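Listed here are the chains, written in short residue letters.
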Amino acid sequence: MSIITGSTQQLFIEQMNLLFHEIKLNKDQLPYISEEAFERFCQSGFPTVRNEEWKYTNTEPFLKRSYSIPDRDNVQLNNDDLSGLLTTFQCHRVVFLNGYFQSQLSVILEDDSSVEITAIKDCLSLYTDMIKTADEILPKDGWKYLNDAFILDGTCIRIKKNNVAKYPVHIIHLTDQNEQALFIQNKNLIIVEQGAQATCIESFYSTALKPVLSNHILHLNIADDGHLTWFKLQQLQDRADGQQTLINYTSASLHKQSRLNIYTLALNGSLIRNNLHIKLCGANSEARLNGFYAPSDKQLIDNHTLVDHAVPNCYSNELYKGIINDNAKAVFNGKILVRKDAQKTNAFQSNKNILLSDNAIVYTKPQLEIFADDVKCSHGATSGQLDDESLFYLQARGISKREAYKMLMLAFAEDITADIQSDELRNWLNRCIEEKIQ
Amino acid sequence: MNILEIKNLHAKVEGKEILKGLSLTVKAGEVHAIMGPNGSGKSTLASILAGRSDYEITDGSVLYKGSDLLALAPEERAQQGVFLAFQYPVEIPGISTTNFLKTAVNEIRKAKGLEPMEAKNFLSMMKEKMKIVEMDSKLTSRSLNEGFSGGEKKRNEIFQMAMLEPSLAILDETDSGLDIDALRIVANGVNQLKNADNAFIVITHYQRLLDYIVPDYVHVLSNGRIVKSGTKALALELEAKGYDWIKDLETA
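Protein chains in written order, with numbering that gives the first Met the number 0: chain A, 0 to 437; chain B, 0 to 251.
Worth flagging that the hints you see were computed from the coordinates, not collected in a lab.
Just so you know, not all the hints are guaranteed correct.
Simulated DEER-style distance windows between Cβ atoms [as the list claims (entries may be wrong)]:
| # | chain 1 | residue 1 | chain 2 | residue 2 | range |
| --- | --- | --- | --- | --- | --- |
| 1 | B | Asp178 | A | Asp372 | 46 to 52 angstroms |
| 2 | A | Gln89 | B | Arg108 | 35 to 41 angstroms |
| 3 | B | Asp196 | A | Thr87 | 45 to 51 angstroms |
| 4 | B | Glu127 | A | Phe88 | 48 to 54 angstroms |
| 5 | A | Asp422 | B | Leu62 | 45 to 51 angstroms |
| 6 | A | Asp372 | B | Gly150 | 52 to 58 angstroms |
| 7 | A | Asp422 | B | Ala195 | 45 to 51 angstroms |
Here are the simulated DSSO-like pairs of lysine-lysine, each with C-alpha atoms no more than 27 angstroms apart in a straight line [said to hold, decoys possible]:
| # | chain 1 | residue 1 | chain 2 | residue 2 |
| --- | --- | --- | --- | --- |
| 8 | A | Lys405 | B | Lys111 |
| 9 | B | Lys137 | A | Lys405 |
| 10 | A | Lys405 | B | Lys109 |
| 11 | A | Lys26 | A | Lys120 |
| 12 | B | Lys227 | B | Lys11 |
| 13 | A | Lys405 | B | Lys119 |
| 14 | B | Lys119 | B | Lys137 |
| 15 | B | Lys109 | A | Lys400 |
| 16 | B | Lys111 | A | Lys400 |
| 17 | A | Lys139 | A | Lys339 |
Since this is a predicted model, take the numbers as computed values, not measurements.
Glycine is no exception: its CB is placed at the ideal position from the N, C-alpha and C atoms.
Working from the sequences, and respecting the hints, build out all of it.
Shown next, in the form of structure tokens:
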């Protein structure tokens, strides 16, 4: 191997080039590879801080090391290894370990015929148009091109027409690797057919001692009258020598009278970048976006959202809250686009932050672009400390300062999960939040 | 037994002297009313006793059951039985009154070396104490004080007092903003909780509350000091003559 010198950008492209050549040798085992998309990646590279959308999120330090593509059968886990990661309630379970689907760890409950779970490989040709439309919604940058160039694996979940899924689907992305730094890409496609309803949880965990760079794409497609509730739970335990970087792009297409409630809980990760792009393309569709992020130490969590009101009479409501501690940094960038024809749009957005230390930083930027004239839109952003008066009130009733802090932080955070109807789901998520905030 | 002994208390806030040598002794079983014009230092006194940190004590001492009260953190004071009914109770979204009180009761028990209270006992205690202030049980499952009316907030303060069973309760203008019915309910609550072992300091601007909570002593606070003490008759005199009379007294 020749020694390469140059900028991080050049080095990263060169590194990906080597990986891509290696991958091509095993292409029969992968869902797809695309030379064309890889060529586009090589031309654009990864977005640097000179790109306005990445101004505050510098990925460079995480891209300098050399990553490997994981071996398919290198790590063996059994169900006991998963015990701490599972929900307290029954779910269909789709487990990816280091990017590869694990049939022995996954569970498809047989008494629920409303849900069809297949490998993405088997679905690509069926849903070419749907994927193409979804691709249009996402930002066209190096991370997307790279994911389009190859993935290790992925799933396609279909909720059948007019069916209500009996159990939630729990997708687990787990990384576990103690020898080498890994680069992992997945793409998942979720199809909620006409009048169907489902709840899905997508968890991101890491027990890896070495760094992992993940670049995942998720496409959600909700047909007319479909309802989908989606939870993203990002809990990537980062260790001193095992930085966990997650780039996670999500597109959602909402058709007529459909509804999406999406919760993004970004609790841990050295660097997490979420792009959540929702397109309301059918009249009377509704999207609710809730988010909570809690970076600590030197973590960086960046949430970019776009709600695109393309047609009239749609509703969107976005609430993102963050608690930023230590030397951590958070970025919130929420854009609402109301297109010319999207009259009678109702679009609301709010972002609230609590900074727990003098070195904690949040960059918050709401953006409204409105081209219609008969709309109701609002946005607001705040950042501050915990309220002293509230703290004193709790203390004056005998509650220790430490406990009072915790109560106030949980109250702040649990606002995000308060509207979850299932008690056990809400309690499970609240416990995850509580663990982080302690 | 002396519950509270304040001697020559001087205190500043943002460099300005508010209390200028205040002395007051409160014994178990007593109700003391502190009256006085706006800005005389009434709420400052309440805040200092509860442990608010915005104040600088420049001189004097406060003993609570014989020990230095000022050395304690706010939560330690509460754990030892000091209770302040806030003039402006704080709204805290996301924390229900029930959850808040359960935490408070158990933190106080923990400080006393007791096990947490069983859920069943806690709930029956809540039920019993809610009756004292005629409080709607729906309020306790809502976020603490959030969207409560002025009267509901003050009732909630007295309800909390009933739950925590303090030795020394300080009511900071609990009557302000109350209509006559709410006033009666709040006062009834206090009267039911009064016993030979505890003491009350009732801070008020008007005599009205004292028709319902009959004080053993009435003190007039003016310009940071107690300028006159007496019985309930003093409150009536103040009502009739106004506070200007006190100002004359001070300069005399």
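Each hint, compared with the structure:
1. Asp178/B / Asp372/A: 46 to 52 angstroms: 47 angstroms, holds
2. Gln89/A / Arg108/B: 35 to 41 angstroms: Since Gln89/A and Arg108/B have Cβ atoms about 38 angstroms apart, the given range 35 to 41 angstroms holds.
3. Asp196/B / Thr87/A: 45 to 51 angstroms: 47 angstroms Cβ-Cβ, so the 45 to 51 angstroms window holds.
4. Glu127/B / Phe88/A: 48 to 54 angstroms: 36 angstroms, violated
5. Asp422/A / Leu62/B: 45 to 51 angstroms: 49 angstroms, holds
6. Asp372/A / Gly150/B: 52 to 58 angstroms: 45 angstroms, violated
7. Asp422/A / Ala195/B: 45 to 51 angstroms: 46 angstroms, holds
8. Lys405/A / Lys111/B: Measuring from Cα to Cα gives roughly 22 angstroms; hence the hint holds.
9. Lys137/B / Lys405/A: 25 angstroms, holds
10. Lys405/A / Lys109/B: 17 angstroms, holds
11. Lys26/A / Lys120/A: Judged against 27 angstroms, a Cα distance of about 12 angstroms means the pair holds.
12. Lys227/B / Lys11/B: 22 angstroms, holds
13. Lys405/A / Lys119/B: 25 angstroms, holds
14. Lys119/B / Lys137/B: 18 angstroms, holds
15. Lys109/B / Lys400/A: OK: Lys109/B and Lys400/A at ~14 angstroms, within 27 angstroms.
16. Lys111/B / Lys400/A: Status holds; Cα separation ~17 angstroms.
17. Lys139/A / Lys339/A: Within the cut-off at roughly 23 angstroms; holds.
Taken one by one, the earlier hints fail for this structure at numbers 4, 6, listed in ascending order.
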